[in-house]
Each structure stands twice: as C-alpha cells, then as structure tokens.
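Given next are the chains, with one letter for each unit.
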Amino acid sequence: MQPTTSNEMAAIVAPVISKAPKWKQYLNIVKELAIVDFRRKYHDSYLGYFWSMLNPLLRFGVYHFVFSYLFVSRLHKFTLYLLTGVFFWNFFGDATSSAMGAVQARSRLAKKIYFPRYLIVFSSSLTAFISFAINTLLIFVIVLIFDHVNFLQLMALIPFVLLALLATGIGFILATLYVHFKDIIQIWGVLITMGFWLTPIMYDPKYVPGPLATVALLNPVGRILVILRGFLLYDNVPPWTFTISTVLFCVSIFLFGWWIFSKYEHRIAEYL
Amino acid sequence: MSTELRNTSDMIILENISKVFQIPHEKTKTLFHKLRSFSNRGYTYETLHALKNISLRVNPGEFVGFIGKNGSGKTTLLRVIARIYRPSSGKVIVNEEISPLMELGLGFDDNFSSRDNIFVYGALLGLSRAEMSGYIDEILSFAELEKFADTRLDKLSSGMRVRLAFSIAIRSSAPIILVDEVLAVGDKIFAAKCRDVFRRFKKEGRTIVLVSHSMSDIQEYCDRVFVLDHGEIVGEGKPTEMIPFYNTKILQS
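Protein chains in written order, with our numbering: chain A, 1 to 272; chain B, 1 to 253.
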C-alpha cells in the first residue's frame, strides 16, 4: 500500500465516538424515529399537519350539530364535554393503532441492527402524543378564556398523563400480538369504533341505561374522562378511590405491556 | 501467534448455541387462520434447525471468517451474535459494542432521503443529530452520493444504497464489527475503498467477523476460519487449511 492512500483513507473514515450514556442514546433513538414517523404521517407538509388537526375538529363539529339541534343534549357545558371526549378518544385510537404499524414498518431495521425494540412503540406513541398535546393545550386555552379559571384545573394533567400511559401499554400488547396475528389491526379498528360508543364521550353515564353506564365507568378511558372533566370543567374532585384505582390500572397496563413486549421482542426480527 | 499474546479476555463467547425456527406451512398469519386450523387440527409447521450446538470464542483483535453453503447457518449465526435473533438455547456473551453490517443495506426507510436515513442510523449507533451532522458530508462523499443527499431513497439504485449503508456503518467506533457479504458489492473502485477500510480496521485491532463466499477475501483477511454445514461447525483452522477442505469436502458433497 502507498502510504499516501492509507493516510487519506484514515482521514476520511475517522470513527465517530459517542460518550453519551445509554439512556440518552435511547432517548435520541426515540426522537429520531418519531421525527421520521411524524413527517411520514403528515406527508412532510405543514398543510398535512393542519389537516390532521382538522379531523377531530370536524368530527366534533358534526357531533355538536347533531346533539345541539337534532337530539338536544341536557349536559352542562356540552360543547367542552364533547370536545374533551373526542380529542382524548382520538389520541387513544391513534396511539394504539400506530404501535402495530410502527412494528411492521421498523421490522426491516430490526433485522439489521439490535436496539431495544420497545423504543419503536415509544416513538410511535410519542408521534401520536405530539398532536394530542397540542390539541389538549388548545382545549385548556379555550376553557381558560371562555369558561373559568381555577387552580384545580392543573390537576387535569393527571388524566392527560394517564391516557398516554394507558395507550402506550395497550399499544405494546397489540404490537406483541401483531407479530403473530396480522388481522389484529382490523379487529382493533372495529373495537375502537365500538369503544367510541361504550365510552362517555357524548353522553353522561348518569343519564344512560344501567348496563351501558356500568360499562362506561369500567372502561379505563371513560374513567380518565370522568376525572378530567371533574377537574377541568366542573370543579368537582372525583372520589379518591375512583382516581387511585384508575391510576393503578393505567400504570399496571403500561408496565405489563412493556414487560410482555420485551419478553417477545426478538420475534419482530424473526417472524415479521 | 500474535493473537495468542492478545488473548487477555474473549470478545465473543458462544456456548452450545442452537437456533430452531418454526416455519408454518400456511401462508397467512392471522387470528382467523389460527382459530380455524386449531379446529381442524390443520396447523402444521416445518422445524428448521438453523444452528446446532455451536460453541466458539473470538479473541480481541482477531479477524474471523465463516464459510459455508447457502443455508448452512452463517447469517443466522451472525444475527445471534448481533442480538438480532435470540438463541433457542445456549449462551451468548459479547463483551463490547457491536456494529453490524448486514447484507443489502441497513433496513433503510425508502420514503426518506439519504440525509434523514443517516440521522436515524446514526441514532442507532448511539450518535445524536448534532454529533452526526458534522460527518454528513464525509459520509455522502465516501458513498459518492453528494448530489443525492436529499433524494428519496427509492429513487436510488441498489448499488447506491449499499454504498450509503457501508459509508455509515464504517463510522461506528464499535470494537466489534460483523460483516455479512458486503465486500461483494459496488464496482471495482468502491470495492477497493472498502478493502482499504478493512485493512485499517484490522490495523486498529478491531475484532471482525466476516461471512463471505469470496475465498480470496477470506484468504487475505482472516486469522481463523470456521466452516459451517447444516448448522454445525465442521471445520476450524487457518484459511490455508480450511479453504481447500471446504472446496473438496463440503462443496462437492
């Protein structure tokens, strides 16, 4: 070998060395994957992003029209009641469904290099969470301007975080199942549509027939909405047993989902 | 002999590694099919023993090669070392960071540009956007893709993509490098550049595991060669002994 060539090569391929701790590297992976996901979702355009914001808003508009003019709702602060319900349910559906899609999309990468596979689900949750956080901020601003201001409203951050934990946990469980059962995506799509009606989004469990009220209050998203609206809209602190049991449930689902997904994470590279 | 001196602690240790795949006969994998096949007992699968009871050690700074026919388990073994596959039984110990360089690209995302893919892969190698952006131009120029930094990847040829993959992966400072059939890609000029990089890696004392069908590469680089056949190690030794053994005993059978 001519020494000149070797020196040139050495200059060109100097290795890049990172001294960042592992957790920081993992956060960085989540961030980079989420950036790519976010841009794919919104087709790399600001217009795409606004269109996606418009989707829950338009749905809200339709329901609002129906329940203000056709079947008049007796609910106090119905508009805000509906808005919170639609936005929270929208995030739940979005985050849980995209976990399965993300695992499929990243399986090619997973066949080439090892990284903790749970980062895939964290990043798809983060992508859905970004729009959710913006939408929630919007609701807060609307409530503070047009409704009322109370320090208790800060507690509304609890149900906000709970929903993120619950959605990520269920996303983990669905993604684990998806590796073996591809039709879980279709099945889950139907369940999300059904769940919309089994969740107190446009009705109050107090005013519906017994069995539906029971389901609506056993449903974790329903419970999260009850807590949220209590703090944000009605200055009404839910019974602490109700809140604590919901917190415990959401945290358990999150941890269980993470655990079961990690237990079978190698199957993403082996079976997909 | 020099490898004996450097043998302070092993880089890679495999103990009794086996890997079994169950490949279902049915084409689709859905809950619906699973339920139906349970009911008429039609769920059958092929059991493939990809690796059988493999034990080996790789010393620091050693350049190790694996040769074998297609389907002999070379790629599976490399993926087990890289933690991409989990062995069905046995123990894998890898004492340092690994940079894997697997066949045909890095699992890039076709919908995005070279630049975007460089950032994603950089993150997987442990590098932040800030750390990586200083190297973007060098990576693109090594890959001879300066003009295509912002072109969607699906517009690039397969050769270009492999060049990009190679250029990113060789940036890694990982002490262990796994290479699966990548020297065979690209034109003569690029292949020469790749070989320069491998010589440099070897000089730096990195531990390299190479899977290749190119006996001249195995002969030139490897300190030790393993011959794989049907998931088992059937030979181990110097390239000068193993290549004739492989050519006469394994390829002919």
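Be a bit skeptical, because a hint or two may be false.
Chain B is faced by these chain A residues, among others (derived, beta-carbon under 7 Å) [claimed, not checked]:
no. : residue
1   : R40
2   : R108
3   : F115
4   : Y118
5   : K182
6   : D183
Please keep in mind that the hints were generated in silico from the structure rather than gathered at the bench. All residues carry an ideal CB built from backbone N, CA and C; glycine is no exception.
Hint by hint, here is what the structure shows:
no.: 1; hint: R40; result: 6 Å, holds
no.: 2; hint: R108; result: 4 Å, holds
no.: 3; hint: F115; result: 5 Å, holds
no.: 4; hint: Y118; result: 14 Å, violated
no.: 5; hint: K182; result: 5 Å, holds
no.: 6; hint: D183; result: 4 Å, holds
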